[in-house]
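On the provided structure of chain R, position chains D and V as indicated by the hints.
Line by line, the protein sequences are chains R, D and V.
Those letters in the first sequence? Residues 1141 to 1451, by my numbering.
Those letters in the second sequence? Residues 168 to 429, by my numbering.
Those letters in the third sequence? Residues 82 to 380, by my numbering.
No lab work stands behind these hints: they were computed from the structure.
Please note that a few of the clues may not be correct.
Restricting the straight-line Cα-Cα distance to at most 30 Å, the calculated cross-link-like pairs of lysine-lysine (DSSO-like) are [stated by the list, open to error]:
1. V/LYS159 / R/LYS1381
2. V/LYS379 / D/LYS338
3. R/LYS1273 / R/LYS1426
4. V/LYS159 / R/LYS1323
One-sided and incomplete, this derived list gives chain V residues near chain D with beta-carbon spacing under 7 Å [to be verified]:
5. PHE112
6. ILE113
7. MET117
8. ARG178
9. TYR216
In this text, a Cβ means the ideal position worked out from N, Cα and C, and glycines have one as well.
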Amino acid sequence: MERKLAIILDGAVAIPYDNELLTQLVTICRSYKENDLFVKIDECSLSFITGIVSEDFSDYVANTLKDNDSELTTLPTNVIARLSLFSVYLTVLEESDDLKQHLYATMFMNAMILAKGRWNELSNEVVIREIYKFHITNYLSEHDTTGEVLSTSIISIIAKFRTGNDENKLNKLQIKDLQTIAKDAAYYRCDELLKNQELLNISNPFVRVYSIITRLVDSYQYLYYNYDAEAYIIQSANGEKKNKMLSNILKDIEPLSRDINTGTSVLLRLINKEQVKNSDFLLQRKLNVIEFGIYLYYELLTEQMIEKLEE
Amino acid sequence: MKCLIAGMPSTGKTTFIGALSYLLSNPVEGQALSFAEIPADFSYLNRLQQPWLSIKEVDRTQIGGATNIELSLKRNTDGNVISVSLPDIAGENFQAIVQKQSQLIKDWDSEPDSLMLFIKDLNSSVFADQFQNDDTIKDTKLPSFDMKDISNEVQNVLILKELHNLFPWKKLAICFTAWDVYQNDYSNPREYLKQNSRFMNNFIKRYFPDAKLFGISAQGDIYSTENVESLIEKTENGQRSFVVTEDGIKSYDLTLPLSSLI
Amino acid sequence: MDDKIELITGVNPAEVPAVKPAERADNIGQFIGEAMSDDQKINALMSSSKPEITVLVGFVGYGKTSFVSSFYQTLLQKEDIAGYAFYDSETLVGLERRSFLRRLNDRNIEIAPETKRTVLGEPYLLTFHLSHPQYGDKLVVISDHSGEDYADYAAKKGKIADDILIKNADRIMFFVDSEKLCNEQRLSLTTQYQQLLRNMKENGLFVRKTKLQLVFNKIDKVNDENKFGKEKEKLITNFEDIINLKIGQTFEIRANSLKNNNKLISLFEDIILHTVEETSNQPQASSLDWVNEMINKKK
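So here's chain R without its partners, still in its complex pose:
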């Protein structure tokens, strides 16, 4: 990991750090908020992407280096920003739980909305794209093994059930079929939601997509199906190609906003009128309807998954 850190810091420091300091910094980045990794990812993602570094993290780095009698204790803000990226990278790569690993990466990627229009200000494209490999869609496509069943007798079996007796007679294969049917039902419900006239009649495309996506994710009884979210969003957009400044989009959806758990998300925080570092630039950026929908969708999904994990 020292080598990776040296790569991340390349171009940030005038005189490359020696191995001893690199090793210390790896340990520091690993140990920072190690008991609260969701908070760590949120904080470090924002620090790196906005360049406005977390004071907590800066102080932790300085104090730990001081405690270790390091010659260098004060690190410049650009270095702290890159250490923040390294902290995210380290946390993702070293997480043994598959789901958490992908959630951390997705949180980071959701926060990348803050880089919209200023991509070239970010360093370490290669490292960032390594983190991208752990987006939640990859987890879902890997873990959602519920297959398709072309024909099954499970429907007629269940239709004939008399309660109290017959449920226990299902064998393993039938349970598998049942799972498939359940998934079919879930997808059906999504399809039906997307045909909801009341929602489709909303003329403002951003409000329409917001309404549909929030209801969609709320309706998920099981979060880990590999829903074709992009298709749903494109469908909700209904061919709309309009671009709109985010500040105006937020104004449009304000009447609909409600309390959403926003522990980790930029867009949801802005919708909730919470402070987000360096968001002024983002608020002046234009998003098209589908972009807006995708960012929103994955923020909502991530929040729900984290909430379920913590239950």
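Then chains D and V, alone, in the frame of chain R:
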């Protein structure tokens, strides 16, 4: 509220305190601050006031000491009473910061909320030909680099930096003194700063964007035998000392800089 | 913070005496804000981006200090250089010292010339914090070692190995005294540079993508332009042969005068704008925009 009044030697800090103490007792119309309670022991303030009242240059503040002046002031707009603590410290002690000889400042255990920095004659340019009179120097020892070779603007920036490291005060007022000399050439103190020290202007805008700038004339005019009577009359009429704000507005309310820090 | 407190810790009692004569006639170390002499301290400088390091190389009297002083004076006097305004430095007194030396030179005071220079081992790192309203902040660091230091590097093989900064410089500017290049001191100049360049090469100094430039100073003292042109070309070829690399740009300047000196100002602009160039390693707009990538895949 603790306010540190800082500035190099002969920048008018003591004259200001003397004039201020007079005006707090004899407020002009619309003055922002006045005494809520006259200090029980006015003797130190009397000593500072005397030269100002007598239209005489003030004696230099004793080097090596810090006399703390405690004032109970009333803000006239809302009647609020504020305690203000102003240490009177010789300019040499601040200048000594640049020479790493500021034990007095370093040991000062008060934590000021604000700083009032007095600056006089910013345009003592580093580019001035300081060796003008030294044409005849030949085969003599190389002149040593000394405090006088560091420009006024750099000295003041260094003082600001080090004071802020020592005492992270929240509010800053910069007072360009002897404004009676500049008032015809500059409409406001920001213009004066920009034209005479772009670097210091950039420094202040960067680190202290909320700093207030003032042009101050505590004396009211350069002292000469010709204007003694006129200055006495102006003192009696409350139109002697004056302040010019960043907006270029002239006022006889010498408490404005202090009031801006409350 | 501790360094700063250390800098202002006085060693004298509360009474403030007049400035004491220091052990060195030039009172180095007496003031806060002196030039720095520890290369590693650069890594501790507060900056939102990597400091841009320019190392000035040249022997005694080649004009490095005059150049730095002119750079400093220009930053103080002008509103900005190439849009960048000067707002801070950790080494203000170091810069003021160099201005002082320059003023001595300007006055042509009849004192032994070698005493009017930065001296061997004197602190040499100078910092300039600059800000552009559109492009943000930049920290420019200039290394102005004394000419004696470089004479030492030329004469002693291993000496330059200790210089970490020159190994990590973004730009190295080799100063040449154009007057000497055209007179009987030419051989001494070229020989000394050959020794220095060989030592630099042996210590692996020319492997990074460092900008290498030649600055022909004191151009106002050149009387024979043809001769100068020839000697200049010879010197460039000499340099390139030893270091096995092409010299980037060359400049012809008069470092000690700001009057009508557009060439000098252009060089200052070059230092500020082009010491670290934007590389193609910067992300392209689309490569980090995973959302649009997702949308495009769907299409």
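Consistency of the hints with the structure:
1. V/LYS159 / R/LYS1381: violated, 49 Å
2. V/LYS379 / D/LYS338: violated, 56 Å
3. R/LYS1273 / R/LYS1426: Holds - the C-alpha atoms of R/LYS1426 and R/LYS1273 are around 26 Å apart, at most 30 Å.
4. V/LYS159 / R/LYS1323: Given that 30 Å is the threshold and the Cα spacing comes to 70 Å, the pair is violated.
5. PHE112: Result: holds, 6 Å to nearest chain D Cβ.
6. ILE113: For V/ILE113, the interface hint holds, since the closest Cβ of chain D sits about 6 Å away, which is under 7 Å.
7. MET117: Hint on V/MET117: violated, closest Cβ of chain D at ~15 Å, above 7 Å.
8. ARG178: Hint holds; V/ARG178 Cβ to chain D Cβ min 5 Å, cut 7 Å.
9. TYR216: violated, 15 Å
Hint check: violations occur at hints 1, 2, 4, 7 and 9; the rest are consistent with the structure.
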